[in-house]
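Working from the sequences, and respecting the hints, build out all of it.
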Amino acid sequence: MLRAIAITKRFGRTLALDGVDFEARPGEIHALVGENGAGKTTLMNVLAGSLAPDHGEALLDDHRLQAGSPRAALKAGIAAVHQSPMLFERMTWEENLALGGFDTGGELLDLVAVAARARALAAKLGFELPPAGATVENRSVAERVRLEVLRALSFNPRVLILDEPTSVLAPSELRAFLDLLRNLRTEGRIVVLITHKLAEAIAVADRITVLRRGRVVARTTPAETSEEKLAGLMIGEIVVQPDAAAMQLRAGDPVLRVENLTLDDRTGRRVLDGLSFRVGAGEIVGIAGVDGNGQTELVELLAGVRSPSDGKMTSGGAVAVIPQNRDLDGLILDMRLWENLILARPLREQVTSHGWLNTSRAIELGRELIERFRIRAPGPETIAGALSGGNRQRLEVARAIASRPRVIVAHNICRGLDLAATAEVHRRILEFAASGGAVLLISSDLDELLAICGRLLIISRGKIRETSPDERDPERLGLLMTGARD
Amino acid sequence: MLEAFLVSVITMATPILLAALGELLVEESGVVNIGIEGAMLSGAFAALTIAFFSGSDALGLTGAIVAGVAINAIFAVLVVNLAVNQVVTGTAVSILALGLTGVFYRKLFGVTGKAFMVAPMAKIPLGPLARIPLLGPALFDHNALVYFTFILVPAIWYVITRTRYGLRLRACGERPEAADALGLGVIAIRWQALIVSGALTGLAGAFLTLAYANTFVENISAGRGFVALSVVIVGRWNSWGLAAASLLFGAAMALQFGLQALGTVVPYQLFLALPYALTLVVLAGFGGQAAAPSALGEPYRRQ
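Note that the protein sequences, when read in sequence, are chains D and B. Sequential numbering of the first sequence, starting at 1, is according to our numbering. Sequential numbering of the second sequence, starting at 1, is according to our numbering.
Incorrect hints may have been included.
To list a few chain B residues with every Cβ distance to chain D over 10 angstroms, as calculated [stated by the list, open to error]:
1. Y105
2. I132
3. Y212
Just some of the chain D residues that point at chain B, by a computed CB distance under 8 angstroms [unchecked claim]:
4. P70
5. R71
6. L74
7. M86
8. F88
9. E89
10. R90
11. M91
12. E95
13. L99
14. G100
15. E107
16. L108
17. L109
Just so you know, these hints were derived from the structure itself, not from any lab. Glycine included, C-beta positions come from ideal geometry on N, C-alpha and C.
Listed below in structure tokens is the structure:
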């Protein structure tokens with residue numbers, strides 16, 4: 001039995017975990033659910049030895065785990081799969097796995113033996129592996145998650161902790177993945193699944209622990225609870241989902257026109273292959289696809305940071321882009337909120353005259369936007385890095401919308417966001433469309449696309465295809481996304 | 001003439017290569033040590049002083065290892081344990097060593113200007129190989145440090161690319177937080193790399209005083225530590241590449257001495273500048289950074 005007793009962990013002035021008790025038994029899948037910032041990942045890091053708690057201790061079968069030692073945790077049989085895969089980008093996948101438990105023990109590196117063991121385990125799980133000698137850097141997010149899961153399992157762990165592993169998987173992969181977790185359970189292992197997807201927790205878990213703001217607020221089972229009840233426990237209030245139908249969005253004249261857009265990468269591989277589509281004023285068009293099918297490149301083209309090999313894009317006004325990786329491409333985390341906001345030229349123009357920045361006006365603008373977009377921050381002088389994920393995304397959305405563009409291009413805009421933050425971001429996007437803006441929403445989350453998009457396009461291997469209204473169901477779309485049918 | 005030139009190339013290349021191989025290990029672990037110059041100077045000073053008073057080269061070399069390791073240990077405490085900026089620390093360590101060796105030298109040997117000489121390290125001709133015309137004396141009639149250095153080239157290549165330890169070392173340089181999560185012990189591995197590098201750099205310094213100049217003068221390393229840093233870049237983080245770059249730079253230095261002696265019209269300073277110019281060309285033209293470890297120079301600190 002895995003137990004955490006009275007774990008407390010503080011980061012600066014934030015209390016991440018406040019006396020948390022947690023236990024998971026052999027042969028069960030234990031879902032750990034909670035909003036962003038509830039302390040789920042912190043608890044995982046404490047159990048996996050990556051973080052030493054301020055108070056409290058973790059035990060496996062009544063043996064105390066050495067605090068703050070990942071090696072001791074692994075030795076005791078606890079392996080973790082992190083939210084963003086902890087892989088070595090420029091090493092081959094075999095080398096990555098050799099750093100795990102496939103290690104043959106000798107001082108010489110035997111990558112052939114490692115690959116053979118990995119293939120044997122992957123075959124058992126129904127995982128596909130990259131070609132021999134491929135480095136990790138060009139693999140898709142889903143492939144990386146598989147590699148990290150494989151590496152964690154290579155330790156033959158008694159406890160496997162997974163942090164939001166499913167948010168990057170396609171629907172078809174998801175089913176296989178949940179089956180894998182069930183298999184691990186039947187083998188008598190402890191599986192701790194960290195998630196904020198409540199349907200998933202209810203579908204696969206035996207027991208559920210709910211965290212809210214660093215405290216355990218409920219311990220329950222799927223039979224005793226429901227998605228609504230869990231959501232209420234997680235948030236402490238009821239989240240009202242924005243109702244896209246009630247907005248009565250109607251597509252006007254095309255604002256964004258993309259014609260025959262083609263991109264070859266440096267090696268001459270075709271990444272985007274003759275994309276053509278239009279987005280009208282007051283319309284939200286969704287592009288669904290499994291990560292790594294050309295979405296990132298499409299966003300880069302639309303943002304103008306890359307030039308196409310062929311084809312053209314025209315827009316009837318300014319385009320604001322909300323990139324997928326908000327911490328790397330979207331915000332400068334070391335800078336203050338107001339500084340981040342005026343990185344957008346239209347906002348900067350509002351607070352500068354003849355090249356001179358009017359700081360007090362910029363701060364005032366920051367204060368206005370924080371209020372209007374309900375960003376939870378002490379004030380405009382706060383450093384962006386101090387915000388939670390959800391509030392960083394609100395900040396990006398605020399910056400995009402306040403710049404008054406004609407078109408917003410958003411990529412995986414709600415990845416990693418909790419229910420309340422997602423609802424808020426969706427509401428803003430819908431409002432923007434209702435006021436005549438054109439939105440292109442690129443996402444691998446079908447629920448999100450079905451909830452707020454008008455037309456849906458599918459991107460697969462760099463090609464795009466329009467879907468008909470009768471294809472508008474998760475199963476069909478999932479098949480189309482994985483390219484099972486063209 | 002040609003033979004003397006080849007001997008000179010090897011002599012010039014050896015200390016640079018020895019220090020560069022140590023730096024390669026350090027950089028693979030994710031640390032960049034600009035303080036090589038300091039460790040080299042300290043090694044040079046310790047070797048000469050101990051060899052001069054004891055009359056033993058072996059003791060001198062041991063002293064150089066201890067001095068190099070000590071300097072790198074100061075660097076390691078600051079950079080690895082306290083996560084201080086690596087460039088700033090390395091520069092400080094270089095300046096510290098320059099000052100310390102200068103002060104100690106004057107204290108011990110006075111400022112008479114009289115050179116304190118030691119006998120050059122013994123040469124070990126490699127049997128019949130040393131009798132091959134031209135190549136024999138150039139390649140197979142050197143002191144032990146030269147052979148040691150060139151044997152290290154394949155040895156370090158093997159360790160980095162073919163062993164478990166090398167994989168762990170590279171993991172720390174690629175993504176320390178991931179290496180830490182796998183229980184690799186980033187701090188320990190970086191310390192180990194810096195200790196080994198300290199020993200090698202100390203020996204490189206000893207080569208300057210015991211085998212090349214046979215005495216000590218202030219700042220005897222004269223920028224060779226920085227050349228070693230360049231060698232790692234030009235050699236693209238591969239020990240064979242490091243050997244090639246060292247020989248190239250060694251040839252430029254040997255040529256410069258030759259031209260100086262001959263008094264030709266070509267300004268010899270041009271050849272002195274070659275290593276640095278070449279480093280810039282490699283960085284600008286061939287994507288030098290693409291071969292560098294991803295987390296190079298980034299301090300690693302757990303949350």
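We went through each hint and held it up to the structure:
1. Y105: holds (43 angstroms)
2. I132: It holds; B/I132 is separated from chain D by about 35 angstroms at its closest Cβ, greater than 10 angstroms.
3. Y212: Fine: 36 angstroms to the nearest Cβ keeps B/Y212 off the interface.
4. P70: This interface hint holds because 4 angstroms falls under the 8 angstroms limit.
5. R71: holds (3 angstroms)
6. L74: holds (5 angstroms)
7. M86: With Cβ-Cβ at 4 angstroms, under 8 angstroms, it holds.
8. F88: Holds, because the Cβ-Cβ distance from D/F88 to chain B comes to roughly 4 angstroms (cut-off 8 angstroms).
9. E89: holds (7 angstroms)
10. R90: It holds, given that the least Cβ distance between D/R90 and chain B is near 6 angstroms, below 8 angstroms.
11. M91: For D/M91, the interface hint holds, since the closest Cβ of chain B sits about 6 angstroms away, which is under 8 angstroms.
12. E95: holds (6 angstroms)
13. L99: Result: holds, 6 angstroms to nearest chain B Cβ.
14. G100: holds (7 angstroms)
15. E107: Holds, about 6 angstroms.
16. L108: Cβ of D/L108 sits 6 angstroms from chain B, so the hint holds.
17. L109: With a closest approach of 6 angstroms, the D/L109 hint holds.
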